[in-house]
Structure formats: structure tokens, C-alpha cells
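**Student:** These are the residues of each chain, in order.
There are 2 protein chains.
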Amino acid sequence: MTKKMLLKDVARLAGVSEMTASRALRGAPDVSKSTRAKVEEIARAHGYVPNRIAGSLSSQSVNLVAVVVPSLNSFVFPEVLSGISSVLKDSPLKPVVGVSGYEIDEEEEVIREMLSWRPSGLIVAGLEHSEATRRMLLQADCPVVEVMDVDGTPLRHCVGISHLQAGRDMASQILAQGYQRIGFIGTKMPQDFRARKRFDGFVEGLGTEGVTLVDLEHYAGESSVVTGRQLTAQMLARQPDLDCIYYSSDVMSVGGYMHCLAEGLSVPKDVALAGFNNLQILEGLPLQLATTDACRREIGERAAEIILKGRESSDDLPPICETLSPRISLGQSL
Amino acid sequence: MTKKMLLKDVARLAGVSEMTASRALRGAPDVSKSTRAKVEEIARAHGYVPNRIAGSLSSQSVNLVAVVVPSLNSFVFPEVLSGISSVLKDSPLKPVVGVSGYEIDEEEEVIREMLSWRPSGLIVAGLEHSEATRRMLLQADCPVVEVMDVDGTPLRHCVGISHLQAGRDMASQILAQGYQRIGFIGTKMPQDFRARKRFDGFVEGLGTEGVTLVDLEHYAGESSVVTGRQLTAQMLARQPDLDCIYYSSDVMSVGGYMHCLAEGLSVPKDVALAGFNNLQILEGLPLQLATTDACRREIGERAAEIILKGRESSDDLPPICETLSPRISLGQSL
DNA sequence: AATTTAATTGTTATCGCTAACGGTTGCGCA
DNA sequence: TGCGCAACCGTTAGCGATAACAATTAAATT
Numbered sequence: 139m140t141k142k143m144l145l146k147d148v149a150r151l152a153g154v155s156e157m158t159a160s161r162a163l164r165g166a167p168d169v170s171k172s173t174r175a176k177v178e179e180i181a182r183a184h185g186y187v188p189n190r191i192a193g194s195l196s197s198q199s200v201n202l203v204a205v206v207v208p209s210l211n212s213f214v215f216p217e218v219l220s221g222i223s224s225v226l227k228d229s230p231l232k233p234v235v236g237v238s239g240y241e242i243d244e245e246e247e248v249i250r251e252m253l254s255w256r257p258s259g260l261i262v263a264g265l266e267h268s269e270a271t272r273r274m275l276l277q278a279d280c281p282v283v284e285v286m287d288v289d290g291t292p293l294r295h296c297v298g299i300s301h302l303q304a305g306r307d308m309a310s311q312i313l314a315q316g317y318q319r320i321g322f323i324g325t326k327m328p329q330d331f332r333a334r335k336r337f338d339g340f341v342e343g344l345g346t347e348g349v350t351l352v353d354l355e356h357y358a359g360e361s362s363v364v365t366g367r368q369l370t371a372q373m374l375a376r377q378p379d380l381d382c383i384y385y386s387s388d389v390m391s392v393g394g395y396m397h398c399l400a401e402g403l404s405v406p407k408d409v410a411l412a413g414f415n416n417l418q419i420l421e422g423l424p425l426q427l428a429t430t431d432a433c434r435r436e437i438g439e440r441a442a443e444i445i446l447k448g449r450e451s452s453d454d455l456p457p458i459c460e461t462l463s464p465r466i467s468l469g470q471s472l
Numbered sequence: 139m140t141k142k143m144l145l146k147d148v149a150r151l152a153g154v155s156e157m158t159a160s161r162a163l164r165g166a167p168d169v170s171k172s173t174r175a176k177v178e179e180i181a182r183a184h185g186y187v188p189n190r191i192a193g194s195l196s197s198q199s200v201n202l203v204a205v206v207v208p209s210l211n212s213f214v215f216p217e218v219l220s221g222i223s224s225v226l227k228d229s230p231l232k233p234v235v236g237v238s239g240y241e242i243d244e245e246e247e248v249i250r251e252m253l254s255w256r257p258s259g260l261i262v263a264g265l266e267h268s269e270a271t272r273r274m275l276l277q278a279d280c281p282v283v284e285v286m287d288v289d290g291t292p293l294r295h296c297v298g299i300s301h302l303q304a305g306r307d308m309a310s311q312i313l314a315q316g317y318q319r320i321g322f323i324g325t326k327m328p329q330d331f332r333a334r335k336r337f338d339g340f341v342e343g344l345g346t347e348g349v350t351l352v353d354l355e356h357y358a359g360e361s362s363v364v365t366g367r368q369l370t371a372q373m374l375a376r377q378p379d380l381d382c383i384y385y386s387s388d389v390m391s392v393g394g395y396m397h398c399l400a401e402g403l404s405v406p407k408d409v410a411l412a413g414f415n416n417l418q419i420l421e422g423l424p425l426q427l428a429t430t431d432a433c434r435r436e437i438g439e440r441a442a443e444i445i446l447k448g449r450e451s452s453d454d455l456p457p458i459c460e461t462l463s464p465r466i467s468l469g470q471s472l
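Chains A and B supply the protein sequences, listed in that same order.
Using my numbering, you'd call the opening residue of the first sequence number 139 and step up by one each time.
Using my numbering, you'd call the opening residue of the second sequence number 139 and step up by one each time.
No lab work stands behind these hints, which were simulated from the structure alone.
Careful, some of the hints might be misleading.
Straight-line distance between alpha carbons at most 25 Å, and here's what the computed BS3-like set of lysine-lysine pairs gives [to be verified]:
(1) K447(B) with K232(A)
(2) K232(B) with K232(A)
(3) K447(A) with K407(A)
(4) K142(B) with K447(A)
(5) K447(B) with K142(A)
(6) K142(A) with K232(B)
Turn these sequences into a full structure, and let the hints guide you.
**Tutor:** Shown next as C-alpha cells:
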């Protein structure tokens, strides 16, 4: 009870060999009911916690799934995680999260760290990686799933939506409502490739109708309500006759809406607003803001299913690429 | 390049012993510049990723800090994490997050899993654990820090605030503003011990002035803006003459505020609102909502510092308990 | 030149657990 | 009685790295 218990201690106290104790505690077969009970009893009584470092080294298997996301503050990845967890729930696998901070070099470091633990699978947000990261992922002897985005060349497996298309679709919806003087406000712009793709798709979509952006703000920091509010205030000050703003995230569009509330502007009469992600935060607002559902939870679920599938089949899984269809909801702000 | 590289492969290719290769790659001293360069070059060229499972078993040290929190959706723990990360940044330690879902049994399982990896430290939210968890934590041969809450008996180290006091303080502030018909809305109530303590402190605080709660809602699900809005609507329908509502979280008070905006109620004239946590989401609102800063980031930082300190000193750290002082901000909603 | 001393590199022995395989026991059935 | 087959349990040999110590070389000192 005092010093750290090892398997051999449990075995000795139970009067069996280490191997039998190991089998008993792991729920492996070939152990009689009675000895299993005795071993379990002793282990519990002495607070034995198996050393998975040793166990994993020996069994050459680690029941962890590495999940690498850019941020945990952005409200978007916790939902992906929760999709992953729910699928992994009734399997021996557990998700482990790493955060890359929207930095491609940080991502490399995090992924190297993750892979050094030899996980049973790896799920990473995005298709853009450093060359070294790409090599690591290709050589990793576990299934690797790139998620969120399908605009690009997946290494092998991939689950996501087309952000280019999401941008285009929102553009066509906005144009269909008759808006003409349109602005865009985005955050993390150089680094957030998906936001960038939505922007590109949006501009392209406007272009097909001969419309060009009236104003544009690319903010380097992370999304937040207050940032959305400030940038909206600035943009409307610059362009008083703007009639619609598309934001890189709902967090920002909520900020824009807050600005309108504070200034007594009517949405969408004075200015229309649209965001992206369909975050939960939109739900309680007095006005339903337009957004595109990014299928975050489902992406997590599908990715986890691929990992599970890869574990079952001994040989390599054929490449899987699932493109989900995001749903636009116009709400009352367009 | 094709098959998985081991240290011995790197060593062979570099024409040195495994030990030298190991030293070179770990940046250990006693390796000549030239051989170090050669080894590093070969490792990089072949995409060698060290096996930390083996390394950790051998060195009997794992550079991970386990962090167990109830949830990642609640907007509150990511900030604690970020405090932890920032302190761990320039140390070899890396945080690993586990989620207990506000369930004491789930927490036990997650902590057992975490400890089975023999981390260098463990940070866990809350002071309430199952008996088995308590035993595990006492026996763990790494520093354990309980965070967020100081109302109770810490196992050893502890960093947090008094939620009882936070509740009392908010009560006295509210009473000082002259409110008398007061309601409380809380979520995760049976399981979220800290919300419960704030509630208890709040009721006690009101009691010292002879005031009792007019209405009370204990919602089982997680906090969200929309839930806050709905419960507020219901409560105000039941108690039209309520003049103030205290919420278990800012997420909920924002929902209450949204209800007021939607219904054209004036805050605080028609009803005053107060939340807890000082979440970032409060920042962009048209009206500053009253709240108490829970010192989340600082709690994370202090906890991480204790872990680092514990690593340095070979012998056991004397128990440390840091009680931070939450700051109330009245904003414009009281 | 002989001998320290420091700088490098190699050898050996684990780390704690589990895969693989080898025994032992007991029972059914011919 | 004796063979075959489960059911159970033990022995041996690593898993891939590193700590600790031994050995070698090179540089420095007397």
C-alpha cells in the first residue's frame, strides 16, 4: 500500500505467476473464475495501477487516438472532439488532444510528439502541413485521417466539407437576396486555411455575378465576439452604405450583431450578417443569424469510425474520402 | 524509409552505437559536434520518430502532465488549460487533457487511465472524488494539484478560489443595490460542486439580511446561452415581479440577457442579472453583465508552477494551498 | 616521454509488462 | 486403461530505449 505496487507484487500476494496476474487483470481468457477474482481483489485492495508504458511496449499496441486541432478556444473543435469521443466510447481507444495553435511548425512538433507515443490512429485538422509532417504521417504505421476540409490532396483518409464551396454557396445566397455592397471580416487569416478557402470561394461566387467586395478586414488574432464587434464598427464607419457582411466565423458575426444592437441598427434592414459554423452560441440570440453548418460533430464521428475500421482489418485500409454537405441556414439576418 | 526505423537503424547508418545515437538525438552532452550532426541528419532524412514508450520505460520518466477537467464545452476550462500550457511551454513537460464529464465515476476511470501512463504531474479540477480516486491520488508518485476550488480538504496541493465566498459576495453586492426579489438559475446542479457551493454561499449571503430566494431553477444539462434564455423566460413568467437573477455561469446570464433583449425588457431596470466566470463572451455585449472573475488562467499557471517545482526538488514538496481572490465586476446589469 | 585529465564512445543490464509457447491437470470417451 | 482435448497456469524471451559504468581516444600537463 505504501510503495508503488508492481504486477509482480500483486502476483506474489495472490500466489500466482506474473503472467496469470496479468491475464486476470486484463480480462484475458484462460484464467479460472476464482483466481481472477483473487487477483482482482488484491489489486484493488492495494490500489495497483498497471503501468501502461511497460504494457504497451510489450504488447506493441497503444490504445490511444491522437487528435490534433488548431485551438480549443474557438468553440469549433470541442464539438469535433465530442463526435470522436462518442464513437470511441465503446472501444478500448481513447482520444488524446494536441493543440497546434494554427501554426504549421507547432503542428509538426505536436504531431511528432503524438506519433512518438505510437498511437492506434491520428486525426488531424486540415490538409496543409509542413513537408516533414507529411513524411511523418505517410510513414506512421497507424491510420491517419485529415478532417474538416476536403479542398486539396489528402494523404490518405479524409473527412470534411468543401470550404471553397461553402464560401461560393453563401455568396450566391447573399446575391440572391439582392445584396450588392458586401464586406468580409475574417480572423487568423493567413494561418486558417479553411477560413481562407471560404473567403476565396466567397469572392469567386460574388465574381460570377460581377460583384466585388466593397471592404475587407483580415484580423490576425483569434475570433471573439468583441473582435467581431469592433471590426464591424470600423468597417461600417469606413463604408456606411455596406448592406451585408460575411464573417469567417459565427463568433464574429455575433459580435457584429452586438454592434448593431448597441447602435440601434436593424438587421438585416440596415445591414445583413452571415457567419459560419453554426455554433451553439447562435441559438439563444433574439435574431437567428445566417450561417453554414460545418458538420463538426459528424466529421468527428466519421473520422473515428475510420480509425476503428483500420484497427480491425489487419491490412491497410483503402483510402477513404468523405465529403459532407454543409447546410446553409438563412435565419433572419439575410 | 519504408519500414519503421528504430534507434538501432539510425545508429547503424550513422556508424555509431545505439547509445551514442540516443544521446545525440536527445541533445545529451558528451557527443561530439560532428557525430551529433551526422546522427541528426540521418534521423531526419529517414523520418525517424523516437519511441517514447520505450524511452519512458527505460528512463522511468514521462514528460506529461495529466489535466483532468469536467468538460471542454463550458468555455471555462480551455482558459485554465491555456494557463497551464503557457507555464509548461518552456519546460519539457506537455499537458494531456482528460475529460470527466462532471461524473465522479468517469473521473475515477479517467484518472486511473492517466496515472497508468505515469505522468510527471496531475492537475484535477475539484476537491470531490470517489474514495478509490482519493486513494489513487494519494499513492501516485507525482505531484497532484487540485484546482478551481478551495472549499474542502485538499489531498495535498490546491489552487483555486472559494466558491462559497464568491456566492456570498455576490449576494451582498446584490443586496447592496437594493434588490429583494431574487432568483437563482443553475445548471449541472447536482454534479457541479462549485456551482453548488456558489449557490449555497449565495443563499447564505441573502439569509444574513433576512432575504430568501423567490425562485430557483436547477437544470441538469450543460450551460448554454439558449438554456439560459429559456429558463429565464420561464422563471420570469412564474415570477413576474422578480427583480434580480443570479446565474451559475455567464453563459446562462448571457442567455437571460438575450431574453430581455428579445422581450424588450430593460436591464437592470426590469430585471438585474449576474453571472459567474467572467467569460470572454461577455466582452462584446451591448451591456456589461455583472460577473465574478474566476481567475481561471491564473489558477492554471499556479498549478503548473507547482508541478514544475515538484519536479525539481527530489523530495516531496510541502503541501501548498493557494487561495486566489476573485474580483466581482458589477458591470451595468446590477 | 610518461602520466593525468577530459572528451567521447561503447557495453551491459534493466525498465514492467506481455506474446508465444510449454507444461500440467482433469475429464470424457473409446 | 489410455488417449485426446480443454482448461488453466508457468517459463522464457523480448519490446526499444536509457542509466550506469567501462573503455577508448585525444589533449594537456609534468
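**Student:** Each hint: holds or not?
**Tutor:** Taking the hints in turn, this is what the structure says about them:
Between K447(B) and K232(A), the direct Cα distance comes to roughly 30 Å. Violation of the 25 Å bound is thereby established for this hinted pair. For the hint pairing K232(B) with K232(A), the CA-to-CA distance comes to about 18 Å; that is within 25 Å, so the pair holds. With a CA separation close to 50 Å, the supplied pair K447(A) and K407(A) exceeds the 25 Å bound. Distance hint between K142(B) and K447(A) is fulfilled; the C-alpha atoms sit about 22 Å from each other, no more than 25 Å.
At most 25 Å may separate the alpha-carbon atoms for a hinted pair to count; K447(B) and K142(A) meet this at roughly 22 Å. A distance of roughly 24 Å separates the Cα atoms of K142(A) and K232(B); the hinted pair therefore holds under the 25 Å criterion.
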